[in-house]
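Residue numbers (this note's numbering), protein chains in the order written: chain F, 1 to 188; chain P, 1 to 188.
None of these hints come from the bench; they were simulated from the model. Beta carbons are placed, not taken as given, at the ideal position from N, Cα and C, and that holds for glycine. Be a bit skeptical, because a hint or two may be false.
[Said to hold, decoys possible] Looking from chain F toward chain P, a few residues come up when the C-beta cut is under 10 Å (computed):
#: 1; residue: 87
#: 2; residue: 89
#: 3; residue: 171
#: 4; residue: 176
[Stated by the list, open to error] Under the rule of at most 20 Å between Cα atoms (straight-line distance), these lysine to aspartate or glutamate pairs were calculated in the EDC-like manner:
#: 5; chain 1: P; residue 1: 5; chain 2: F; residue 2: 144
#: 6; chain 1: P; residue 1: 14; chain 2: F; residue 2: 72
#: 7; chain 1: P; residue 1: 136; chain 2: P; residue 2: 58
#: 8; chain 1: P; residue 1: 5; chain 2: F; residue 2: 87
The primary structure of each chain is shown beneath.
There are 2 protein chains.
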Amino acid sequence: MIEIKRWLKIGELKILSKNSHRSLVGQAFINPKTNMSEEYTFLQGHKDSMIIFPITTEKKLIILRQFRHAADDILIELPGGNIKPNESPKNAATRELLEETGYRAGEIIIFENSKQWFDPSALRSIYIPCIALNCKKISEPQQDPTESLEIRTVSINEWLTMIQGGFVADSKSLATTLLSLQHLNKSY
Amino acid sequence: MIEIKRWLKIGELKILSKNSHRSLVGQAFINPKTNMSEEYTFLQGHKDSMIIFPITTEKKLIILRQFRHAADDILIELPGGNIKPNESPKNAATRELLEETGYRAGEIIIFENSKQWFDPSALRSIYIPCIALNCKKISEPQQDPTESLEIRTVSINEWLTMIQGGFVADSKSLATTLLSLQHLNKSY
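Extracted from the complex, chain F is given alone in its bound form (with noise of 0.2 Å):
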């Protein structure tokens, strides 16, 4: 049996590359199994984000269409966004569902232990996702000015038929669907 330890941190973490939403930077650590020194650059966002499972009062998840500039492609999604300085997760998911969708939810369970990294090798940010029952569409959409989000509602059954197809691409979307299935107790 192998002993998994921990990497110590050496010295401070360098900023190599800053915008405003994050920053490029390396960490030196110790290697526990050579005790050498090694660099490591991963990019630190500077805010972390939640990620919505919204069921409307008709039992349909409301999903959006989005172009996404890593990507340089249009992906189907689960709502989201960050949560802002001082801003509670469940206050955070709230308002990015009603910003993105126009949907005001009834319930919001956060899936307080399970925070999930989008890559723990490459990108220090992680994700809180939750689950937000009985929303009901009470205004349009208060999108940014400069983004262009499309929303549909869908099926549970048509979602799972959508990601088992390959129409979702995006991971953070797959994720939050297996913990929001196991919390509405659909078998797994």
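Knowing the structure of chain F, use the given hints to seat chain P on it.
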């Protein structure tokens, strides 16, 4: 109904910072809503990777514990790794599984249509999920001398309980689990 348009790239991709694994890059796009140019920054991975849901001949799932530098923590994950130049996804999955765990896959089924973005807003890197069936232990792991991985086998139900309990904080492992359960026809 909003029509979602692709954003057109203008000018070349700028490399802001680079190491052997990834580059921080900048790209200008035309916002189709405003016709103005906007600059986006993201991390570009240099290789795609495979993420594997490996099931042994005894119907156990092979999982790993390892230290992850961006997370600065020890995480529980599915096996996986980078596709080498000129290597097929199937060969990459077979090689990575054998190197990381010492198990040889009897059969590998690639979810070809289900390539996933780790984070389509920040990280230009995709992974290809797959399932490995009838895996047999044929050797000790051939881990990189600087790597430290702990291999465990658990039942699929134990794995799902670990996910539900918040013990798996790696988004790609959850997404690959959902696709694998769908493939195995475990109800969804």
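Hint check:
1. Interface hint status for residue 87(F): violated, as the beta-carbon distance to the closest one in chain P is roughly 19 Å, over 10 Å.
2. At a threshold of 10 Å, the smallest CB-CB gap from residue 89(F) to chain P is about 14 Å, leaving the interface hint violated.
3. Given the 10 Å rule on beta carbons, the hint for residue 171(F) holds: about 4 Å separates it from the nearest Cβ of chain P.
4. Proximity of residue 176(F) to chain P holds as hinted, the smallest CB-CB distance being about 8 Å (cut-off 10 Å).
5. A C-alpha spacing of about 16 Å is found between residue 5(P) and residue 144(F), which places the hinted pair at or below 20 Å, so the restraint holds.
6. Taken as a hint, the residue 14(P) and residue 72(F) pair is honoured in the structure, with Cα atoms around 15 Å apart against an allowance of 20 Å.
7. The suggested pairing of residue 136(P) with residue 58(P) holds, with an alpha-carbon distance near 9 Å, which does not exceed 20 Å.
8. Between residue 5(P) and residue 87(F) the CA atoms are separated by roughly 32 Å; this puts the pair beyond 20 Å, and the hint is violated.
Checked against the numbered hints listed earlier, the structure breaks hints 1, 2, 8; every other hint is satisfied.
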